[in-house]
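Engineer: One letter stands for each residue in the lines below.
2 protein chains.
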Amino acid sequence: MARVLYELCGIDERLRFSPYCWRVRYALAHKGLEAECRPWHFTDKEALAFADHDKVPVFVDGDEVVTDSYAILRYLDRVYPEAPLLGDGLAESRARFFKHYAERALAPAMLRTIIMDLLNAIHPKDRDYFRETREKRFGRALEEFHSPAKGLTQLDAALEPLRGCLKDADFLDGESPAAADYLVFGNFMWARCVSTADLVSNADPVYAWLERMLDQHDGLGRHAVRVTDIEGAYR
Amino acid sequence: MARVLYELCGIDERLRFSPYCWRVRYALAHKGLEAECRPWHFTDKEALAFADHDKVPVFVDGDEVVTDSYAILRYLDRVYPEAPLLGDGLAESRARFFKHYAERALAPAMLRTIIMDLLNAIHPKDRDYFRETREKRFGRALEEFHSPAKGLTQLDAALEPLRGCLKDADFLDGESPAAADYLVFGNFMWARCVSTADLVSNADPVYAWLERMLDQHDGLGRHAVRVTDIEGAYR
Chain A
1 MARVLYELCG IDERLRFSPY CWRVRYALAH KGLEAECRPW HFTDKEALAF ADHDKVPVFV
61 DGDEVVTDSY AILRYLDRVY PEAPLLGDGL AESRARFFKH YAERALAPAM LRTIIMDLLN
121 AIHPKDRDYF RETREKRFGR ALEEFHSPAK GLTQLDAALE PLRGCLKDAD FLDGESPAAA
181 DYLVFGNFMW ARCVSTADLV SNADPVYAWL ERMLDQHDGL GRHAVRVTDI EGAYR
Chain B
1 MARVLYELCG IDERLRFSPY CWRVRYALAH KGLEAECRPW HFTDKEALAF ADHDKVPVFV
61 DGDEVVTDSY AILRYLDRVY PEAPLLGDGL AESRARFFKH YAERALAPAM LRTIIMDLLN
121 AIHPKDRDYF RETREKRFGR ALEEFHSPAK GLTQLDAALE PLRGCLKDAD FLDGESPAAA
181 DYLVFGNFMW ARCVSTADLV SNADPVYAWL ERMLDQHDGL GRHAVRVTDI EGAYR
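Heads up: the protein sequence lines correspond to chains A and B, in order. Just so it is clear: in the first sequence, position 211 is 211 by UniProt numbering, and no numbers are missing. Just so it is clear: in the second sequence, position 189 is 189 by UniProt numbering, and no numbers are missing.
For reference, chain A alone in the conformation it holds in the complex:
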């Protein structure tokens, strides 16, 4: 059965940096499922018309088409119940918090730090689209939004609960990672793929967790192409 994951790519097709797509990549690896990861650009809207959607990830599993990273994790748990990702009952309800924590606490802080690197990593044909949609969202120019000092201070504060958890256990989900870890880690893959910014001190318990996450599933994250691996791409 053909499985396809449509993934955002950047200046090079091998550069895959969407935090939402990284959640799904790790989720597929967690389930031991293979999929063709097909590159997609922000402006390739017609390529997703079949899914009646305009953003990635889009996951195709035979006849099934699922959009939205969280919905894809839920789909995977339903159809492939071995090795739960979100789990059910209280576990599933609590997993939602990690999604919102990643998107509302971590992402804005990281974005202020890496936005210019992100713009640089995006395919040239997508840059006008990216600038226009983001400037509308932020209400100012990308250059004004960019503020690594503010972003890193904000991130440092936002990481506090994560630090507490990682003193108790190796992963957010206990002895081995599951959806809570993947939902949050996706953001760090995003930053890692497009930027060389040091987001976390080496002495931080979050740093050690990032290292463990990079090594999971045969080094899935560690082997991902970064913008610095692409000749001439890093300004």
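By construction, these hints were calculated from the structure, which means they are not laboratory data. No experiment lies behind these values; they were computed from the predicted model shown. Some hints could be false.
Since the list gives no way to pick out one identical chain from another, each pair is judged satisfied if it fits inside one copy or across any two copies.
[What the hints assert, rightly or not] Below, simulated DSS-like cross-link-like pairs (lysine-lysine); rule was C-alpha separation at most 25 Å, straight line:
| # | residue 1 | residue 2 |
| --- | --- | --- |
| 1 | K55 | K136 |
| 2 | K136 | K167 |
| 3 | K55 | K167 |
| 4 | K55 | K125 |
Chain A is fixed; fit chain B onto it per the hints.
Structural biologist: Just chain B now, kept in the frame of chain A:
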């Protein structure tokens, strides 16, 4: 079987404001368990010598003595497995995040806002102890640490993931509350009992959740004595 919960009290014995004790109060109500809630002051160290501990909550259940709010929730789930609080497996691992989120993201922000109200609500015999231990922890005078503007800004940012969750469901734990809700709500009871500060806008989804939480278990939180209920106590 005699159950006793040792609880911090303030300027009046009826004023119970410890966030950690509120977690346990709600947890007991969740399980449908009765307990005598015995007042304790910060400086009554000898009263807890039997538990080999110097802080509340301390929970006595017949021959069992359990200290630390999270450990008490775990104990309740083990001994009274009906109506799980923390649950097990992924659910329990994820519950830890809410504990750290409450203690490391919400509490410091609230504390900057309510610290002078808190000092005022504490029993006069405990105030020197409170000032000394907290000034040592903050590295400055309580009056300098006190900064409602900074505290409320910090709290507003810290509440973002909570807002996201509460758009999806009525409670953090889904359709009805459990440990994730109680771990976080304890902090709001703390502020409510000692202060009249408006921490959350009435239009915030967090506000509606607070109202629902106050009504839980026959209005357990709503009926709690506040400093403003004690004649002459609110400065």
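Engineer: How do K55 and K125 come out at 25 Å by Cα distance, when the copy is not named: within, between, both, or neither?
Structural biologist: Classified as within: same-chain Cα gap 16 Å, cross-chain 61 Å, threshold 25 Å.
Engineer: Give the relationship of K55 and K167 under a CA distance limit of 25 Å: within one copy only, between copies only, both, or neither.
Structural biologist: between (36 Å within a copy, 22 Å between copies)
Engineer: How would you classify K136 and K167 at a CA-CA limit of 25 Å: within, between, both, or neither?
Structural biologist: Classified as between: cross-chain Cα gap 24 Å, same-chain 40 Å, threshold 25 Å.
Engineer: Please work out whether the CA atoms of K55 and K136 approach to 25 Å or closer within one copy, between two copies, in both situations, or in neither?
Structural biologist: within (18 Å within a copy, 51 Å between copies)
Checked against the numbered hints given earlier, the structure satisfies every one of them.
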